[in-house]
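Novice: Can you make the complete structure from the sequences, with help from the hints?
There are 2 protein chains.
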Amino acid sequence: MSHSYEHPRPALAVDCVVFGLDENGLQVLLVERGVAPFKGRTALPGGFVRLDETLEEAARRELEEETGLGAKVFLEQLYTFGDLHRDPRERVVSVAYYALVKLSDHRVRAATDASAAAWFRLGDKPQLPFDHEQILRVAKARLQAKVRYQPLGFELLPPRFTLAQLQSLYEAVLEKPVDKRNFRKKILSMELLEETGEREEGVSHRAARLYRFDRKRYVALEKAGVNFEL
Amino acid sequence: MSHSYEHPRPALAVDCVVFGLDENGLQVLLVERGVAPFKGRTALPGGFVRLDETLEEAARRELEEETGLGAKVFLEQLYTFGDLHRDPRERVVSVAYYALVKLSDHRVRAATDASAAAWFRLGDKPQLPFDHEQILRVAKARLQAKVRYQPLGFELLPPRFTLAQLQSLYEAVLEKPVDKRNFRKKILSMELLEETGEREEGVSHRAARLYRFDRKRYVALEKAGVNFEL
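Heads up: the sequence lines are chains S and B, in that order. Using my numbering, you'd call the opening residue of the first sequence number 37 and step up by one each time. Using my numbering, you'd call the opening residue of the second sequence number 37 and step up by one each time.
None of these hints come from the bench; they were simulated from the model. It cannot be assumed that every hint is accurate.
For chains that are exact copies, the list does not tell them apart, and a pair is met inside one copy or across any two.
Unchecked claim - Once the Cα atoms are required to be at most 27 Å apart in a straight line, the calculated BS3-like pairs of lysine-lysine come out as: (1) K161 <-> K222; (2) K212 <-> K259; (3) K222 <-> K75; (4) K182 <-> K75; (5) K75 <-> K138; (6) K75 <-> K252; (7) K252 <-> K108; (8) K216 <-> K108; (9) K138 <-> K222; (10) K75 <-> K221; (11) K75 <-> K212; (12) K259 <-> K176; (13) K161 <-> K221.
Specialist: Below, the structure is given as structure tokens:
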């Protein structure tokens, strides 16, 4: 079957940058390409947009098909990449989406269709084809900018956590050490954390206080447009 | 002539939200549509992307063709709108761009092809067709968010200006009054303004000090990732 138009059209695709986070650092979800071009190369999950789905639905479908993730991931639109020669086949414009998930919730199952998908440390991944290095760079910059004015999502932390755990998540996203005293002062001054009254158990060092996020307070602050600058 | 593809493709368009600013408020540049659908209605300038131009080039070309603006305007990509029925003709995905310009530099010339283009106050414009109301809303929110963490561009101000002039620009963008004492304290603490040593002339009230932006300092602060939160 063939589809004809009066004027030539670029193909429209989506690409997904899914970051996985744990205390050890940021990772990114990549797939092995099963088709040309760049067959066998490691790349961002993605594919062409169908006429009967929105851009976000297309991103979610491709992510699900290629990695087994999908429904549970909160995707945000990142940027649309439209350089003339970003795809060797023809003109392809790609709307990129990104997400940050808790790595431990999203281990890739090796025994399914998603076996060609895997998490890669950012410093330890193959060179990506197309303009995927650029897309990944833009996604990382966006993520790092975002956590500077909005606290890291609750869903990335266990229900009760220490300030050291929270700090190491920020350090993992920002990819640099954060001054401990400043960090504690700022994060506590936001009044987003509630003391649980409990302390860590089974640790050899002095047991640290356990906190939880005050969800209501977060929503209220966000509505008021308060600055979360760290 | 006709162009055939194996799979159906959405059409790809660009739309432009150009805000014009002066002390009296924000305006937006709109055009009268010359073709169906919504012929004769007032809408955002925009049109279809050609195969041999980038997305930004397409936005700039459409802006130039429809309003006479173009080369001098710094366009930033806003968001890509892809709802299934945003265009009554067929599936059209639109990459939206936005810009903020100094209104007095961009008066629309009534005697040219741009005669169907005009500036409209946001509170005083016709209802826009397609999803252009949504695009405009997203653009305004982005602009307001942006001036909260980045100073308004130099190009919007005369070379020497008073703090009252600067404050009224912020109030125009934010669409709300700004506390004078806080504003002055914060803007001066950024050390972005230099006193010229001169004062206003020809005013009936007490002549205010004239400032200029310290461009080098601005670039240095921006590189350091400093927060401009107002």
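Novice: Can you give the numbers of the hints that this structure goes against, from lowest to highest?
Specialist: 1, 3, 4, 5, 6, 8, 10, 11, 13
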